[in-house]
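Asker: Here is what each chain is made of, one letter per residue.
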Amino acid sequence: MINKTWTVWSVLGAVLLSSMALMGCGTGDDADTTDAESDELVIYTGRSQALVEPLVEMYREQTDREVRVRYGSDAQLLAALAEEGDQSPADVFWANTTGALGNAAEEGRLTDLPDDLLGMADYFVPSNAQWTPVTARFRVLAYNTDRVDPEDLPSSVLDLPAQSNLEGRFGWTPAYSSFQDFVTALRVVEDSASAATWLADVEANLDPNSYTSNTPLVEALAAEEIDAGLTNHYYVLRKRYGDAKVDDESTIDPEAPIAIHRFADGDVGNLALVTGAGVLQTSTAPEAGHDFLRFLLNTDAQTFAAETVNEYPVVNGIDVPSYMLPVDEALQTSPEFDLEQLRNIDGTLDLLRNQGLL
Amino acid sequence: MLPTRWITFWRDHLRDRWYLLVPVALVVVGVLIPLAYLLVRAAQADPDVLYRLVVRMRTLELLWNTVALTGGVLVGTMLLAFPLAWLTARTTLPGTRIMTWLGVLPLAIPGYVMAYALLGATGSQGVLNQVVGLPIDRLHGYWGAWAALSLGTFPYLFLNLRTALLGLDPAIEESAQALGYPRHQVFWRVVLPQLRPALLAGGLLVGLHVLGDFGVVSLMRFETFSYALYLQYTASYDRIYAACLALMLLALTIAVLVLEARLLKGLLYHRTGTGTGRPATPVSLGAWTGPAYGGVGFIALTSVVIPAGTVVYWMASAAQTGVPWGGLGTALWDSFSASAPAAFLAASLALPVAYLSVRMPSQLTAGLERIAYLGYATPPLAFALALIVFTLQVLPFAYQTLGLLVVAYALHFMAEAVGPIRSALYQAPPNIEEAARSLGRTPLHAFASVTLPLLRPGLIVSVAFVFLSAMKELPLTFLLSPLGFDPLALNVWSYANEAMFADAAPYALAIMGFSALFVGLLLVREKTTSRQTHAAPMS
Chain A
41 MINKTWTVWS
51 VLGAVLLSSM
61 ALMGCGTGDD
71 ADTTDAESDE
81 LVIYTGRSQA
91 LVEPLVEMYR
101 EQTDREVRVR
111 YGSDAQLLAA
121 LAEEGDQSPA
131 DVFWANTTGA
141 LGNAAEEGRL
151 TDLPDDLLGM
161 ADYFVPSNAQ
171 WTPVTARFRV
181 LAYNTDRVDP
191 EDLPSSVLDL
201 PAQSNLEGRF
211 GWTPAYSSFQ
221 DFVTALRVVE
231 DSASAATWLA
241 DVEANLDPNS
251 YTSNTPLVEA
261 LAAEEIDAGL
271 TNHYYVLRKR
281 YGDAKVDDES
291 TIDPEAPIAI
301 HRFADGDVGN
311 LALVTGAGVL
321 QTSTAPEAGH
331 DFLRFLLNTD
341 AQTFAAETVN
351 EYPVVNGIDV
361 PSYMLPVDEA
371 LQTSPEFDLE
381 QLRNIDGTLD
391 LLRNQGLL
Chain B
27 MLPTRWITFW
37 RDHLRDRWYL
47 LVPVALVVVG
57 VLIPLAYLLV
67 RAAQADPDVL
77 YRLVVRMRTL
87 ELLWNTVALT
97 GGVLVGTMLL
107 AFPLAWLTAR
117 TTLPGTRIMT
127 WLGVLPLAIP
137 GYVMAYALLG
147 ATGSQGVLNQ
157 VVGLPIDRLH
167 GYWGAWAALS
177 LGTFPYLFLN
187 LRTALLGLDP
197 AIEESAQALG
207 YPRHQVFWRV
217 VLPQLRPALL
227 AGGLLVGLHV
237 LGDFGVVSLM
247 RFETFSYALY
257 LQYTASYDRI
267 YAACLALMLL
277 ALTIAVLVLE
287 ARLLKGLLYH
297 RTGTGTGRPA
307 TPVSLGAWTG
317 PAYGGVGFIA
327 LTSVVIPAGT
337 VVYWMASAAQ
347 TGVPWGGLGT
357 ALWDSFSASA
367 PAAFLAASLA
377 LPVAYLSVRM
387 PSQLTAGLER
397 IAYLGYATPP
407 LAFALALIVF
417 TLQVLPFAYQ
427 TLGLLVVAYA
437 LHFMAEAVGP
447 IRSALYQAPP
457 NIEEAARSLG
467 RTPLHAFASV
477 TLPLLRPGLI
487 VSVAFVFLSA
497 MKELPLTFLL
507 SPLGFDPLAL
517 NVWSYANEAM
527 FADAAPYALA
537 IMGFSALFVG
547 LLLVREKTTS
557 RQTHAAPMS
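Protein sequences, first through last, are from chains A and B. Position in the first sequence (from 1) plus 40 gives the number in our numbering. Position in the second sequence (from 1) plus 26 gives the number in our numbering.
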């Protein structure tokens with residue numbers, strides 16, 4: 041009797057194992073043949089599947105090509121690309137952060153893009169011509185509307201350390217790329233010494249909570265663990281308005297008592313950052329890659345980014361939901377800044393390490 | 027010196043069991059590849075930069091945090107697991123099967139979901155304060171991480187202990203009692219020492235899990251080594267210094283492994299007398315029934331109901347978007363098609379490893395078993411990168427295939443499968459296997475017909491552990507899965523990471539529900555066997 045149940049057990053195991061082996065071989069052969077003929081477009085993206093999949097689905101409808109996506113964080117994918125080397129199956133790298141694109145360009149992983157493609161975006165096109173911006177986001181100070189009067193908030197991010205009412209009630213994300221990009225900008229706009237002083241003063245005066253990323257920070261803000269924090273604008277909008285698709289802010293109650301405070305126009309605290317994409321050196325189908333990049337800059341895709349993700353378009357003439365600051369006004373808040381300069385991240389990491397934040 | 031030892035070992039043990047070498051070789055190669063990878067990468071580091079990164083106060087802080095958290099969680103899980111194991115294995119309390127099932131379920135909940143749930147439950151705006159009027163500070167730091175990790179990992183200890191308690195021969199306890207030892211002394215001097223392999227195996231898994239955890243400590247803002255390691259990969263897109271940190275983490279793990287091996291030395295817990303073991307007579311709890319249910323209820327409430335309730339609450343706020351049934355189906359199939367084969371493969375690999383180390387104890391086999399644990403302790407991101415390099419160099423056709431993903435899961439999670447099998451082997455008497463051999467059976471046949479049935483509860487737990495872990499795994503899945511592979515775990519993470527909790531909810535519920543179902547099925551099979559085993563004396 042025991043042997044009988046054991047037979048069932050082992051047969052089950054054997055079936056599973058062999059089916060797995062078969063599937064494994066099957067996919068292997070698939071990948072092999074399609075790769076050689078390169079009738080497939082492989083995208084590596086550090087953006088969330090939730091934000092990418094609908095767009096890829098739209099693109100699939102208008103192309104004959106098989107489109108496959110590998111998801112991961114920017115850092116994971118850059119590490120994977122480095123280890124894959126020449127054998128990488130990837131055609132397009134679509135990054136969530138400006139720093140990751142800078143790194144990919146510096147490591148020589150990206151190819152030059154054709155001029156017509158580079159001409160599509162109206163803002164933030166990098167001088168190295170190796171990637172195109174896809175969407176823009178802004179650094180902001182988010183605050184809890186039940187606990188903070190916006191009148192009391194400073195007009196420059198440099199004055200934050202003097203904000204004694206936020207002591208022990210302030211959050212930031214020193215390990216997160218967009219915060220680090222902001223510190224790099226601070227180093228460029230002011231200088232390294234002032235950036236170091238600013239970090240030290242915030243540490244000393246506000247005793248900030250350090251969150252790993254923006255989502256937990258915004259959750260903590262809504263839960264009144266903190267009263268204000270430095271983050272990206274769209275996390276606040278998404279938390280405030282949830283999944284509700286509305287055109288008029290006045291018609292719905294916010295889902296969370298949080299709001300955006302912008303510093304004075306041109307303040308480095310309002311820095312604009314971009315997500316972007318480029319075609320990889322290893323691509324066997326660069327034309328297809330360019331085609332996909334053009335798709336990301338067309339009206340449908342840009343509108344999707346604005347309406348669903350609440351990020352800003354990088355081409356003119358796209359409407360954003362009315363609860364977002366209009367594009368031209370938003371652009372005015374950010375300092376004039378060549379995003380190429382964000383490449384120099386090492387000095388920033390040193391500052392953060394010296395401050396014990398990394 | 028060493029070669030002679032190998033030759034002797036070969037002659038004494040392996041010549042007529044050569045087939046054991048196949049899985050063993052796979053394990054050794056599979057685990058040493060990532061290690062070699064890390065060493066190669068770390069060797070590329072610039073010593074000055076490395077010195078600046080490593081030799082600073084922060085490293086000591088991280089070390090202290092990591093050790094303190096690991097120790098704390100070990101105590102916490104012990105407090106949760108021990109009473110629950112005893113209740114479900116040794117009492118007449120009705121409903122022990124459901125309690126067992128509830129005691130496994132926390133493993134079906136991804137760590138970051140558990141953390142988000144506890145964060146959502148506590149604090150002035152938290153559910154506990156808003157609904158029940160219980161104002162607890164919003165969890166964070168050491169105690170936040172401690173709570174989430176203790177609640178999420180105690181099943182490792184619970185299942186190991188329970189399996190051991192079920193297999194314990196009551197004759198020794200009875201002898202001790204007959205010799206006049208009071209009950210509590212019997213427990214301390216007779217029962218507890220016999221539970222040592224299970225305690226160590228479960229504790230080891232809990233410890234290694236804490237050492238490697240990122241999801242919980244990052245949300246609770248408690249900085250440990252694995253957190254620093256993650257930052258190194260993320261902040262500077264740097265795999266070289268990250269490799270150095272990973273090696274430091276591995277060194278810490280090796281210390282734990284050596285310690286465990288010391289504690290495990292010279293154990294022998296099977297029956298040596300004639301006849302066959304029987305299950306212990308269950309204890310009736312009497313007046314303690316109420317408090318016992320209360321305790322179990324509390325554990326279930328905090329470790330299962332709160333996180334599951336949180337996800338249901340997320341889901342409710344998504345009423346307008348509806349449930350994406352189509353996406354759920356594909357995701358469920360993708361999850362299952364990788365996790366189930368991985369679970370069986372891991373158990374089949376762990377079986378020879380555990381068998382060799384228990385039945386042919388030597389430095390060699392002990393070392394082999396430790397190697398299996400190293401695979402678990404290698405940070406999954408480094409593990410994945412190593413396998414990328416290896417497959418592209420050696421087996422390019424296997425790159426980004428389901429087969430590779432399954433093997434990666436199995437090698438990485440095999441350590442979870444070793445413990446329960448090992449505990450069961452300690453209790454299975456080798457003399458009946460020898461008897462079977464003296465009756466003319468081959469070693470394999472003797473093992474399969476006599477010992478294997480006794481290992482069944484252990485094997486079931488092994489399969490369940492690996493399955494549940496593989497269902498939740500992220501870094502290996504991100505980097506090694508076939509293109510377009512879209513399992514549940516990736517969906518949950520992707521949505522939760524964007525704060526789209528409502529969209530994450532159906533996928534998280536699917537992981538929990540499906541895992542619960544799978545574990546339930548395994549436990550039902552366990553029950554039928556143990557009854558059969560006891561009904562049919564094997565002599």
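Hints in this document: simulated from the structure, not taken from any laboratory. Note that the coordinates shown come from a computational prediction; the quantities given were computed from them, not determined experimentally. We put the beta carbon where it would ideally sit given N, CA and C, even for glycine. Heads up, some of the hints might be wrong.
[Unchecked claim] Some but not every residue of chain A turned toward chain B, in silico, with C-beta under 8 Å:
#, residue
1, R108
2, L198
3, A202
4, E259
Asker: Under the constraints set out in the numbered hints, which ones does this structure not fulfil?
Answerer: 2 and 3
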